[in-house]
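> Position chain B against the provided structure of chain A, taking the given hints into account.
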Amino acid sequence: MAPPMMHSDDTDPAHHDENVYDALATADDDGRWAFGTGFDAGTAEIDAPAPDGVDRDDLAAYCLMLADDALIASQRLSGWTAKAPELEEDVALANIALDLLGQARVLLSRAGHLGAAEPFRAGPQDDEDVLTYFRDDRAFRNVTLVETDLGDFGRTIAWILVLSSWRLALMHRLTGSRDPVLAAVAAKAVKELTYHRDYAAQWTLRLGDGTELSHARMQAGLDAVWPFVEELFLPHATERRLVDAGVAVDPAELRAEVDGVLDQVLPAATLTRPERPAVGLVGGRGGRDGVHTESLGTVLAVMQSLARAHPEATW
Amino acid sequence: MVTAAITDARAVAEGVVDPEMPMLTLADLGVLRGVDTAEDGTVVVTITPTYSGCPALDEMRADLRRRLHAAGHERVDVRTTFSPPWTTDFISDGGRRKLAEAGVAPPAHLGPRAAGPVPLTLVAPSRTVACPRCGAPDTEETSRFGPTACTALRRCRSCAEPFEHVKEI
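Protein sequence lines, in the order shown, are assigned to chains A and B.
Following the UniProt record's numbering from start to finish, the first sequence increments by one per residue and tops out at 315.
Following the UniProt record's numbering from start to finish, the second sequence increments by one per residue and tops out at 169.
For reference, chain A alone in the conformation it holds in the complex (with noise of 0.2 Å):
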């Protein structure tokens, strides 16, 4: 699917006698760690301090919070890989998923910079790198939906349009933090979660208003969805805080937005809003506390096993 190649004058002809292979066995002599290919720490944003008055601290939990929501997701949906019902629906679930690990590494080097790798730190990888790798599950900070299995297509598509409506509504507001990082974040992930609620909604509307068939497996997998929407509007201390700091989005105020969208998809795809009672939380306790379903050990043995079990490899 490569666009056809145009050398065209003004190009150095001998730049195309280089290749990728080449760049990589000569970017740095002492090989690459095999898991992670480093993010440059030559980023302004992410190198700049704590805006004034903040919490270093609480600012690194918050980063880690979306960044761990965006990782997971993005884990999850690599799932789909060489395995989606259409080589075009592939290609569109691994580009998601490629869009939602950019916005979890920025978010992950900008936690490690104010300090939150250090206590998983075992090796020379990189803060985006420990943070993924060597953390256990009590200490990832996403939200529940995020690491829930992804069951079908139908299911799938629940999963990204209630995801997306609630990370471009949270993202939307974002643009105007104080931190750097989380502005310009925020600023990119507006508009690529444009494009993933696009695709739910048409694949909703699609299988939704489809066939009997698609329309019930649609329907199932909203009410399996359901359940986990409910700790997505539920503030976290640490949220709070930073709210009034002017750096964080309160969660509750995304609900009539996120409520807006899935008002104007669901009846237009025939579908029933679902009323099913929240689960996910342990004593008010959820994800942002470290405190998972099962689900996220499959998540994080599939994501962290051969790292862990080779963490010297280079290649």
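Treat the hints as calculated values from the structure; they're not laboratory data.
Treat the hints with caution; some may be incorrect.
As the list claims (entries may be wrong) - One side only, chain B facing chain A, incomplete, derived with CB under 10 Å:
hint	residue
1	Thr46
2	Tyr51
3	Gly53
4	Cys54
5	Leu57
6	Thr80
7	Arg113
8	Thr121
9	Arg144
10	Ile169
Said to hold, decoys possible - Cβ-Cβ distance ranges computed for the label pairs, FRET-style:
hint	chain 1	residue 1	chain 2	residue 2	range
11	B	Pro137	A	His310	53 to 59 Å
12	A	Asp136	B	Glu74	40 to 46 Å
13	A	Thr211	B	Pro147	26 to 32 Å
All figures in this text were calculated on a predicted structure; none of them were measured in a lab.
Where a beta carbon is used, it is the ideal one built from N, C-alpha and C, also for glycine.
Using the frame of chain A, we list chain B on its own:
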């Protein structure tokens, strides 16, 4: 102070091509934010990513370092900045022409985004994307997501050829 060295470094950096769309230079793509020299003579190149997860960013950095070293600039620092966020509006007119010549439909100009929450449109926008091969306006989107983060897949209803479209962001 503008020296011969910095003029040269800027020309070298502007000539580095995008790893995924090699018909475009980094300058055409609008990701090159600045080429300066630090007090110690280090060439400081600043670039911005297209998408958050753009896998080409690491290769752009490596290419910039390699080309500048080859041009005799010993100390090179490639920095990244996220702000202001990249948009396809930053692709130059020359870049748009090169895309079309290579059979890739260039993006439309977006302009500034309206304030307020992003509205959801359930009917796909009837944006006209002309076929880069035959020029016919009657084309359809086959997939919003393509082989690279920044492209969508389309097909021309007139000449029946599939093509890529750099989607607006």
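> Each hint needs a verdict: does it hold in this structure or not?
We went through each hint and held it up to the structure:
1. Thr46: holds (8 Å)
2. Tyr51: holds (6 Å)
3. Gly53: holds (2 Å)
4. Cys54: Holds: closest Cβ of chain A sits about 7 Å from Cys54 of chain B, inside 10 Å.
5. Leu57: holds (8 Å)
6. Thr80: holds (4 Å)
7. Arg113: With a minimum Cβ separation of about 8 Å from chain A (threshold 10 Å), the hint on Arg113 of chain B holds.
8. Thr121: holds (8 Å)
9. Arg144: The hint holds - Arg144 of chain B has a Cβ within 10 Å of chain A, the shortest such distance being about 6 Å.
10. Ile169: The hint holds - Ile169 of chain B has a Cβ within 10 Å of chain A, the shortest such distance being about 5 Å.
11. B:Pro137 <-> A:His310: 53 to 59 Å: Holds: the Cβ-Cβ distance is about 54 Å, inside 53 to 59 Å.
12. A:Asp136 <-> B:Glu74: 40 to 46 Å: Check passed, 44 Å falls within 40 to 46 Å.
13. A:Thr211 <-> B:Pro147: 26 to 32 Å: Given about 30 Å between the Cβ atoms, the range holds.
In terms of the numbered hints stated before, the structure departs from none.
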